[in-house]
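Peer 1: Sequence:
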Amino acid sequence: MTPTTRPAIIIGDSSRAMLALTEALVDSAFDVVASVMDSESLVLAAQHYQPALALLDFTPSFGDALAASRQLSQELPATKIVFFSTHDDAAYAAAAFEAGASGFLVKQRTSDLASLLTRILRGERIQHPATLPTLSRR
29 MTPTTRPAII
39 IGDSSRAMLA
49 LTEALVDSAF
59 DVVASVMDSE
69 SLVLAAQHYQ
79 PALALLDFTP
89 SFGDALAASR
99 QLSQELPATK
109 IVFFSTHDDA
119 AYAAAAFEAG
129 ASGFLVKQRT
139 SDLASLLTRI
149 LRGERIQHPA
159 TLPTLSRR
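The numbering of the sequence shown is the working numbering, which starts it at 29 and goes up by one.
Mixed in with the good hints, there may be bad ones.
[Claimed, not checked] Pair ranges (Cβ atoms, derived):
id: 1; residue 1: T33; residue 2: S143; range: 17 to 23 Å
id: 2; residue 1: T33; residue 2: P157; range: 30 to 36 Å
id: 3; residue 1: A118; residue 2: D59; range: 28 to 34 Å
id: 4; residue 1: E126; residue 2: E152; range: 16 to 22 Å
id: 5; residue 1: I154; residue 2: L49; range: 17 to 23 Å
id: 6; residue 1: P157; residue 2: H76; range: 33 to 39 Å
id: 7; residue 1: A48; residue 2: E126; range: 28 to 34 Å
id: 8; residue 1: T114; residue 2: R147; range: 18 to 24 Å
id: 9; residue 1: A119; residue 2: S89; range: 16 to 22 Å
id: 10; residue 1: A48; residue 2: S139; range: 16 to 22 Å
id: 11; residue 1: E152; residue 2: A52; range: 21 to 27 Å
id: 12; residue 1: A122; residue 2: R34; range: 30 to 36 Å
These aren't lab readings, by the way, just hints derived from the structure by calculation. No experiment lies behind these values; they were computed from the predicted model shown. Beta carbons are placed, not taken as given, at the ideal position from N, Cα and C, and that holds for glycine.
Turn these sequences into a full structure, and let the hints guide you.
Peer 2: Shown next, in the form of structure tokens:
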């Protein structure tokens, strides 16, 4: 019997505790090839490993995640980029998608991370409903 190959993922977050938690949440479905604490290290790791997916934080302490996303989407177009953020604001999500992201998930509102990431790898664009723009009523 041939072992099933799991997609490679790189996780970037400015918190060691969040890195550990995220690794545990995706371990059953993904091969975590690198966990890093800043955007520059994420880009370097992605260039080295060329993962199927890069999951990154969207906080100032992580660095310029939008620039990292733009760079990765140009250099590694096969790598899906997903922002995993505490921000549930439509402007953050819009900026992430403009920078090449395939998904924008809100940490405190995401219950099945591995399943959502698998759907993104299959080509779905997933955005947490809390980050959808609201329609103004006239």
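Peer 1: Looking back at the hints listed earlier, which ones does the structure fail to meet?
Peer 2: Of the numbered hints given earlier, the structure breaks none, since each of them holds.
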